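Colleague: These are the residues of each chain, in order.
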Amino acid sequence: MKGRCALAELKTSLWNCNFSHIYVEKEALNHEITKKILSHFKNSTFIEINSYKEVFSRRCQSFSAQKNSPKLILAVKKENFLYKGAEVCHDFGNSNFYYSSSIMNCIYDCEYCYLRGVYPSSNIVIFVNIEDTLKNVEDILKKHPLYICISYDSDLLALENITGFTAMWIELAKNNPNLKIEIRTKSANFKALGSFTPLNNVYIAWTLSPEEVITRFEKNTPSLKCRIESIKEAISKGWKIRLCFDPLLYIDSFERIYGKFIDYVFESIPKENISDVSIGVFRISKDYFKKMQKEYPSSLLLAYPFECSNGVLSYRKKHSEDMINFVYDKVSKYIEKEKIFTLEG
Amino acid sequence: MIFISIAMYCEASPFISELHLKKDTYNSKFQIFEKDDIKLIITGTGMISSASALTYILTKYNASFSDIFVNIGICGGSDKISLPIGTVFLCNKIINNDNKKSFYPDMLFKHPFKEASLESFSHVVTEKDNVQGDLVDMEGAGVFQAASIFLPPHQIMCIKILMDFLNTKGITKEKVSEIINPSVAVICNYINEIAKINLRQEPILSEDEEDLILKLGNNMKLTNAMAVELLKLAEAYKVRKGEIIEALSPFLNINCKSKYEGKMCFGRIKNKLMEL
Ligand code: SF4
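Taken in order, these protein sequences are the chains called B and D.
Position 80 (the first sequence) corresponds to 80 in this note's numbering; numbering is contiguous.
Positions in the second sequence are counted from 1; adding 1000 to them yields this note's numbering.
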């Protein structure tokens, strides 16, 4: 305990606090969302920049060092309002699967997070002109329906109190029944959406992991208990809930830990209110993995002898299948099989 | 290693005394003062001279990602600054006035200074100049850009001491030392504290282990790509199992006569190193 205190002390005495510095693109300065965000950080130092890339894309940055004191960068998005959903991600049977990236990077710090391999920096970029993304979506909706995951390159709900982005997406979904959105989160922040009426075309998708995994591999995220409390609140208000047991991690005593965990989840949550469940093992593009491993060479999670198929690394087929099958069997004791979606590595 | 660059000797001399640095008399290109792992170079004024000097010293001492670099010097204050002469600043933005390019040190660590933006000019700045930064100097942007090639942005610092408000009349060498002197101890303390922070990831394999694996690769006549793969596998194995030598011990006396034989052996070692 003494050691822990000393570490915590070192952390507070050494590092600047999160968002101690906020970089704002000139073009974003007068945006309403910029003003709203800045109003939350009266003690931060504001630095004007020409383009977010001047800060975000500097050479030789240390993703891991920056995680100790992440900064905020407010920018204006000029293009790429929507991206085609990746094959390694679940589409839950939806066509026209896209994701949006109005925030890059996350306040959490999961050891398996692919963002570690994607971005040159762990500073958080918020594109304040969300209205342009929403407008772009509305234009496309005139042509065909859309299924959009709005919280892939970040955890939108975790930052909802300062951005209000999730609320704006929900408004859009309310006015456009041919739009389906998924809000994926590990936060325990459902209360930020408490005032909204639930919608049929909005799924709140909670990623859940055993407490042992959270403590070890999902740094800074809320405990399982807190996430479950938030889910229960959302269910009681009538929201559609998706549970994501993804990524399953290859850990010692997998069956004991995950078995106990699945039972705990379904004993805590009224299962009839779960819309669907996704199950997937850890998988990552080979290029992202290389960068992650370089930045975090001593990660036990990344030291597994992965197999590569079509540029994607994952556990050995036998392990992947065993893990998925085990969790699938456990989950199917509680949930109808048609509601369970699996994705192997 | 701590690298310090300062434009003029009169700015550097209080730091040389405080840090007990000795002149490296073998160096004729630049004046370098040193002690253990501290190297201080007098760069001369101007962005090109200072960037050249910095590149020289970082290359000469083979700067690595765990080293830190600090540029220290006097600066002028624009009309945005209303702090007294002698105030010490840590720059959070550095603008090159010539091409308007901006550079941003990573402000990860707490510090005892004020913060400001700095604009570097190729000429002595007067009240007539159109100044964007809070502070002005003639080196900051040059050294920052050069240092960024070698070091991560959280290990590059630019510390400036306010000397005047764009009026350099009456500034003598003595005056420079007099204004710098009161801040020398706090700046040196800060540098020493930052240097103690070790964010460097210790290599997974010890030097001996790495040598042994390279030798093993040679004995198997592995191609470069295969030798790199062997090192990667060995690292991952050590992370999982906590050791590597014992795992490789059955293979240490291998001496392959042909590439084909080497390939076969490599296959066996791979299997061993991929064990869970
Ligand atoms: S919550 Fe998701 S986005 Fe955030 S660090 Fe974890 S894996 Fe990455």
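Simulated from the structure, these hints should not be mistaken for lab results.
Watch out, some of these pointers could steer you wrong.
Derived lysine to any residue pairs resembling SDA-like cross-links, with alpha carbons at most 25 Å apart [what the hints assert, rightly or not]:
#1 K337/B with S285/B
#2 K1272/D with C113/B
#3 K1263/D with A303/B
#4 K1101/D with C113/B
#5 K1023/D with C1010/D
#6 K1110/D with K78/B
#7 K78/B with N220/B
#8 K36/B with C113/B
#9 K1238/D with S298/B
#10 K1101/D with Y1061/D
#11 K291/B with S1064/D
#12 K318/B with E1275/D
#13 K1100/D with D1129/D
#14 K1232/D with E1209/D
#15 K42/B with F1251/D
#16 K1238/D with E307/B
#17 K290/B with K1080/D
#18 K78/B with L141/B
#19 K237/B with G259/B
#20 K1232/D with L343/B
#21 K1080/D with F41/B
#22 K1023/D with T1045/D
#23 K26/B with S1078/D
#24 K290/B with K317/B
#25 K1241/D with F1251/D
#26 K294/B with L1231/D
#27 K271/B with K317/B
#28 K1241/D with L300/B
#29 K35/B with I22/B
#30 K291/B with F1251/D
#31 K291/B with N1130/D
This one's a predicted model, so the numbers in the text were calculated from it and none came from an experiment.
Colleague: All hints are to be evaluated individually against the structure, with a verdict given for each.
Modeller: Here is how each hint holds up against the structure:
1. Proximity of K337/B to S285/B is assessed by CA-CA distance (about 29 Å); at most 25 Å being required, the pair is judged violated.
2. With a C-alpha separation of about 28 Å, the suggested pair K1272/D and C113/B falls outside the 25 Å cut-off, and the hint is violated.
3. Between K1263/D and A303/B the alpha-carbon distance is near 23 Å, which keeps this suggested pair within the 25 Å criterion.
4. For the hint pairing K1101/D with C113/B, the CA-to-CA distance comes to about 33 Å; that exceeds 25 Å, so the pair is violated.
5. The suggested pairing of K1023/D with C1010/D holds, with an alpha-carbon distance near 15 Å, which does not exceed 25 Å.
6. Distance check on the hinted pair: K1110/D and K78/B sit about 34 Å apart at the alpha-carbon level, beyond 25 Å; violated.
7. About 31 Å separates the Cα atoms of K78/B and N220/B, which puts this hinted pair outside 25 Å; it is violated.
8. Restraint check for K36/B and C113/B: the C-alpha separation of about 29 Å exceeds 25 Å, so the hint is violated.
9. The hinted pair formed by K1238/D and S298/B meets the criterion: a straight-line CA distance of about 9 Å does not exceed 25 Å.
10. Our distance criterion of 25 Å between C-alpha atoms is broken by K1101/D and Y1061/D, whose separation comes to about 28 Å.
11. For the given pair, K291/B sits about 19 Å from S1064/D by alpha-carbon distance, which is consistent with the 25 Å threshold.
12. At roughly 14 Å between alpha-carbon atoms, K318/B and E1275/D fall within 25 Å of each other, so this suggested pair holds.
13. For the suggested pair K1100/D and D1129/D, the alpha carbons sit about 14 Å apart, so the restraint of at most 25 Å is met.
14. For a cut-off of 25 Å, the pair hint linking K1232/D to E1209/D stands: about 12 Å separates their Cα positions.
15. Taking the CA atoms of K42/B and F1251/D, the gap is near 62 Å; set against the 25 Å cutoff, the hint is violated.
16. The hinted pair formed by K1238/D and E307/B meets the criterion: a straight-line CA distance of about 18 Å does not exceed 25 Å.
17. Between K290/B and K1080/D, the direct Cα distance comes to roughly 46 Å. Violation of the 25 Å bound is thereby established for this hinted pair.
18. Between K78/B and L141/B, the direct Cα distance comes to roughly 20 Å. Compliance with the 25 Å bound is thereby established for this hinted pair.
19. Simply put, K237/B and G259/B have alpha-carbon atoms about 29 Å apart, too far for the 25 Å limit, and the pair is violated.
20. Proposed proximity of K1232/D and L343/B is contradicted: the alpha carbons are some 28 Å apart, above 25 Å.
21. Simply put, K1080/D and F41/B have alpha-carbon atoms about 22 Å apart, close enough for the 25 Å limit, and the pair holds.
22. Between K1023/D and T1045/D, the direct Cα distance comes to roughly 20 Å. Compliance with the 25 Å bound is thereby established for this hinted pair.
23. For the hint pairing K26/B with S1078/D, the CA-to-CA distance comes to about 21 Å; that is within 25 Å, so the pair holds.
24. Our distance criterion of 25 Å between C-alpha atoms is met by K290/B and K317/B, whose separation comes to about 21 Å.
25. Between K1241/D and F1251/D the alpha-carbon distance is near 18 Å, which keeps this suggested pair within the 25 Å criterion.
26. Between K294/B and L1231/D, the direct Cα distance comes to roughly 13 Å. Compliance with the 25 Å bound is thereby established for this hinted pair.
27. Using a Cα cut-off of 25 Å, the hinted pair K271/B and K317/B is violated, with the two alpha carbons roughly 30 Å apart.
28. About 10 Å separates the Cα atoms of K1241/D and L300/B, which keeps this hinted pair within 25 Å; it holds.
29. With a C-alpha separation of about 12 Å, the suggested pair K35/B and I22/B falls inside the 25 Å cut-off, and the hint holds.
30. Between the alpha carbons of K291/B and F1251/D the distance comes to roughly 30 Å, so the proposed pair goes past 25 Å and is violated.
31. Distance restraint check for K291/B and N1130/D: the Cα-Cα separation of roughly 43 Å exceeds the 25 Å cut-off, and the hinted pair is therefore not satisfied.
Of the numbered hints listed earlier, those contradicted by the structure are 1, 2, 4, 6, 7, 8, 10, 15, 17, 19, 20, 27, 30, 31.
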